[in-house]
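Asks: Please put together the full structure from these sequences, using the hints given.
One-letter residues, chain by chain:
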Amino acid sequence: MKVLTKKNIMILIAIVITYVVVQVLISTGIIDSFYEITIATICINIILAVSLNLVTGFTGQFSLGHAGFMSIGAYVCAIINLQMNSTTGLLIGIVSGAISAAVVGIIIGIPTLRLKGDYLAIATLGMAEIIRVIFLNMEITNGAAGLNGIPRFTNWLWLFFFTTASILLINNFINSSQGRACISIREDEIAAEAMGINTTRYKVMAFAVGAFFAGVAGALYSSYFYFIKPNIFGFQKSVDILVIVVLGGMGSVTGSVIAAILLAVLTTFLQSYSEVRMIVYALLLVVIMLFRPQGLMGTKEISDMFKFGKKSSKVK
Amino acid sequence: MEQFLQQMVNGISLGSIYALIALGYTMVYGIIKLINFAHGDVYMIGAYVGFAVTTYANLGFFPALIISMASCAVLGIVVERIAYKPLRNSSRIAVLITAIGVSLLLEYVMMFFVGAEVRSYPKLLSDKAINLGNIVINMQQVYIVVTSVVLMIILQFIVNKTKIGKSMRAVSADKDAAQLMGIKVDKTISFTFAIGSALAGAGGVLVGIYYNSIDPLMGVMPGLKAFVAAVFGGIGSIPGAMIGGLSIGVMETLVSGYGNSMYRDAAVFAFLIIILILKPSGLLGKNTKEKV
Amino acid sequence: MSLLSVEKLTKSFGGLTAVSNVNMYVEKGELVGLIGPNGAGKTTLFNLLTGVYVPTTGSIKLDLNGSVKELGGLKPYNVTKAGLARTFQNIRLFKDLTVMDNIRIAMHQNIDYKLPAAFLRFNKFYKEEERMLEEADKLLDIFHLSNKKGELAKNLPYGEQRHLEIIRALATKPSILLLDEPAAGMNPNETKNLTDTIAQIRKEFDLTVMLIEHDMSLVMKICERIYVLDYGMMIASGIPSEVRANKRVIEAYLGEDVSDASNKKS
Chain A
356 MKVLTKKNIM
366 ILIAIVITYV
376 VVQVLISTGI
386 IDSFYEITIA
396 TICINIILAV
406 SLNLVTGFTG
416 QFSLGHAGFM
426 SIGAYVCAII
436 NLQMNSTTGL
446 LIGIVSGAIS
456 AAVVGIIIGI
466 PTLRLKGDYL
476 AIATLGMAEI
486 IRVIFLNMEI
496 TNGAAGLNGI
506 PRFTNWLWLF
516 FFTTASILLI
526 NNFINSSQGR
536 ACISIREDEI
546 AAEAMGINTT
556 RYKVMAFAVG
566 AFFAGVAGAL
576 YSSYFYFIKP
586 NIFGFQKSVD
596 ILVIVVLGGM
606 GSVTGSVIAA
616 ILLAVLTTFL
626 QSYSEVRMIV
636 YALLLVVIML
646 FRPQGLMGTK
656 EISDMFKFGK
666 KSSKVK
Chain B
5 MEQFLQQMVN
15 GISLGSIYAL
25 IALGYTMVYG
35 IIKLINFAHG
45 DVYMIGAYVG
55 FAVTTYANLG
65 FFPALIISMA
75 SCAVLGIVVE
85 RIAYKPLRNS
95 SRIAVLITAI
105 GVSLLLEYVM
115 MFFVGAEVRS
125 YPKLLSDKAI
135 NLGNIVINMQ
145 QVYIVVTSVV
155 LMIILQFIVN
165 KTKIGKSMRA
175 VSADKDAAQL
185 MGIKVDKTIS
195 FTFAIGSALA
205 GAGGVLVGIY
215 YNSIDPLMGV
225 MPGLKAFVAA
235 VFGGIGSIPG
245 AMIGGLSIGV
255 METLVSGYGN
265 SMYRDAAVFA
275 FLIIILILKP
285 SGLLGKNTKE
295 KV
Chain C
4 MSLLSVEKLT
14 KSFGGLTAVS
24 NVNMYVEKGE
34 LVGLIGPNGA
44 GKTTLFNLLT
54 GVYVPTTGSI
64 KLDLNGSVKE
74 LGGLKPYNVT
84 KAGLARTFQN
94 IRLFKDLTVM
104 DNIRIAMHQN
114 IDYKLPAAFL
124 RFNKFYKEEE
134 RMLEEADKLL
144 DIFHLSNKKG
154 ELAKNLPYGE
164 QRHLEIIRAL
174 ATKPSILLLD
184 EPAAGMNPNE
194 TKNLTDTIAQ
204 IRKEFDLTVM
214 LIEHDMSLVM
224 KICERIYVLD
234 YGMMIASGIP
244 SEVRANKRVI
254 EAYLGEDVSD
264 ASNKKS
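Residue numbers (this note's numbering), protein chains in the order written: chain A, 356 to 671; chain B, 5 to 296; chain C, 4 to 269.
None of these hints come from the bench; they were simulated from the model. Quick caveat, the model's predicted, so the values are computed rather than measured. Keep in mind that the hints are not guaranteed to be accurate.
To spell it out: a stretch of chain A is covered by chain B in this simulated footprint if at least three of its residues, at any positions, have a beta carbon under 8 Å from a beta carbon of chain B; those stretches are [stated by the list, open to error]:
#, region
1, 464 to 472
2, 476 to 490
3, 591 to 605
4, 625 to 638
A short, non-exhaustive set of chain A residues, derived as facing chain C with CB atoms under 10 Å [stated by the list, open to error]:
#, residue
5, N527
6, F528
7, S532
8, I538
9, R541
10, A546
11, G551
12, R556
All C-beta atoms in this analysis are idealised placements derived from N, C-alpha and C, irrespective of residue type, glycine included.
Replies: Right, here's the structure in full:
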């Protein structure tokens, strides 16, 4: 059985330990409700960043509209959950939210992904703005006031489960043949086509997968924070997600996870100074691009580091 | 019909402001292939400079316009030197991310110092109305259009008739070849930023007067729309930016006038996406394709 | 019918006709050369064959054991699927990826698992991935690059990068291999190596090869038949000795180059 390799067992143990430790800290009150919010933010941001990384870091398609997909997941889940006030409702909401986001991703992706670089960035930004304006004007979404009193079934278990599942699934995708096809588009689109890769198809695929998980993140957001309005999901939010991806390293899942944690901690400390927080964010972007454009991790993953460790021990 | 003409008048005055901002985008893009996200914020700073010199120094419209343009020109050069020049050989994505960073930086540093609240602009121009039949033209609108047109004529003169204008055209056609021909590329790029930012500064003062209110985030939406205008006209083309600006201004007032003003911004972006898909090079732009 | 037959193929860009009314065929198993002065339209012709450009008029037909397929106007990836693989004049490897990944990407069109298997790691995923690794290892073995499979493509020496491009093209399992100036920038030693490689892959993979080349001595030595393009028109074709003796060819192109080449040799 391939599945029970040493590596996979190690991963499983690490996952269980992380879950249990945090759960114990929450139950004993060491992590109070204030820090619990930070943990929720970290989980949601990890899903957002890893999914945007798939689109921007791995496939090389610069998207400035990730918050748009997040908002679709958030609204669909909230509306369903408001109708079906139960954990089943939440589960249906998350799945429907994610699927709706992916479908919109495909619809948006097919025409816009023909564009490249800066133009694609602007087009995705425009798409996200259009989505926002639509939510702003719809009755079922309650316009600018947003939806309030969404049932809050999401807890650490839900957050942890969906975050881990998102990371694992996206990681599996990246390390599959389809994932390599996506990466080849980032490397050289013309060569990729010459190697038999339908670049449009794989760009849209990456975009849809990215949108799907952004939808999951949005759904969890609406459930955990029980209040959403269109302006939460503006350009600013897309930039927030981009900052995480860039800081962690475009093309590194590990980097996105680390950066999401770092920035959430930073934000918690700067909570009462929102302008300073944005100045720090802005400076981070500029300084990273000037001095370390590859971000914290570059395209390295945590598994590469272990491999490296093995190799050097062999040399000894 | 009268309502239509009235909307056209409003659209043209709004559009000429967009055109002023769009020119900066198009010139910078033409020369270093960068969507200068911070451009909309330069325009915001221009509005604040105008506000400061008129409120605290009691200067009139023209001195305020000139001072604001000069300050923005300096700001443009500084931003280019510090943030963009070191990245001249980096990937496009890196420079674009830096531009987003600079944009946020300008917005929130400004917010830190002047606060997030909306301020009302001093009344610099008479708002006497001229009635042509049932169409009302505000004197402010006349000033806005006239100022924009004069600035655009000066710009056309600089680009087409002066030595520095020739350098600008040369650098935007081929930076390396221009360098070999002895053109000082860095100086030319700085000059381009200076001119583009000065125009944005002028736009800021005009918008302050027109809407009578300014705030640190006022540059975001008009900045994006001016970019849409530049793309529509054909990015890199100066006449294209003017036509694009006017078209977007008119389109916006028509959507608000006849449709739902809530959908105004969405309409502009939908329009952008349609252009990008149908004719990505815009009205007057050149088409380029990668060689295999 | 020949394996590949090109009929009355024309491509114009605005007013400029880059390839004009070209007729050409390639038989199964042949090694055909395409030569011509700079700007004669050789690469444009390659780009037409591989789907980068859409022909203005004319047809490109591929006959695989009786099933005939029109290639003109197909997207590049569909041309590759149909059985034409290429290399590029200026190397276009996936520079920041490993040698192994470069090859595996080219194998993508032949994998046999779908998206759910990729996400959820069904058994099929592992089976297919293993098969890919084995096949890639085999290819690397033939070219003596096995010890470099973990290296980034950009870190290989120039000659090996050219080789890797050929391996990558082979990994798509083509019927015809198109090589765009494979010896460009190589020293005589590397060129000799390349010649051996081409001979070897023809034998091992039962492959038809067509190449564009500037190195006259190479073309004359290894090609069985040669086509000559000048100003977008096919001005001559035949076995090397015929082409060498053709007056129009000498006038258009060889006149200066052949004497140059022979001068260099002597």
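Asks: Are the hints correct? Go through all of them and say.
Replies: Against the structure, the hints come out as follows:
1. With 5 residues having a beta carbon nearer than 8 Å to a beta carbon of chain B, the region 464 to 472 of chain A meets the requirement of three or more and the stated coverage holds.
2. Remark: the region 476 to 490 of chain A is confirmed as covered by chain B, as 10 of its residues place a Cβ nearer than 8 Å to a Cβ of that chain, reaching the required three.
3. Only residues whose beta carbon comes within less than 8 Å of a beta carbon in chain B count, and the region 591 to 605 of chain A has 4; three or more means the coverage holds.
4. Counting residues of the region 625 to 638 of chain A whose beta-carbon sits less than 8 Å from any beta-carbon of chain B gives 7, enough to reach three: the coverage restraint holds.
5. Against a cut-off of 10 Å between C-beta atoms, the interface hint on N527/A holds, since the closest Cβ of chain C lies about 5 Å away.
6. A cut of 10 Å between beta carbons decides the hint on F528/A: the least distance to chain C is about 6 Å, and the hint holds.
7. Because the smallest distance between the Cβ of S532/A and any Cβ of chain C comes to about 5 Å, under 10 Å, the interface hint for this residue holds.
8. With a least beta-carbon distance of about 7 Å to chain C, the hint placing I538/A at the interface is held under the 10 Å criterion.
9. Here the hint on R541/A is kept, as its CB sits about 9 Å from the closest CB of chain C, short of 10 Å.
10. A distance limit of 10 Å between C-beta atoms decides the matter here; for A546/A the minimum to chain C is near 4 Å, and the interface restraint holds.
11. A distance limit of 10 Å between C-beta atoms decides the matter here; for G551/A the minimum to chain C is near 4 Å, and the interface restraint holds.
12. Satisfaction of the interface hint for R556/A is found here, the shortest Cβ-Cβ separation to chain C being roughly 9 Å, below the 10 Å cut-off.
Of the numbered hints stated above, none is contradicted by the structure.
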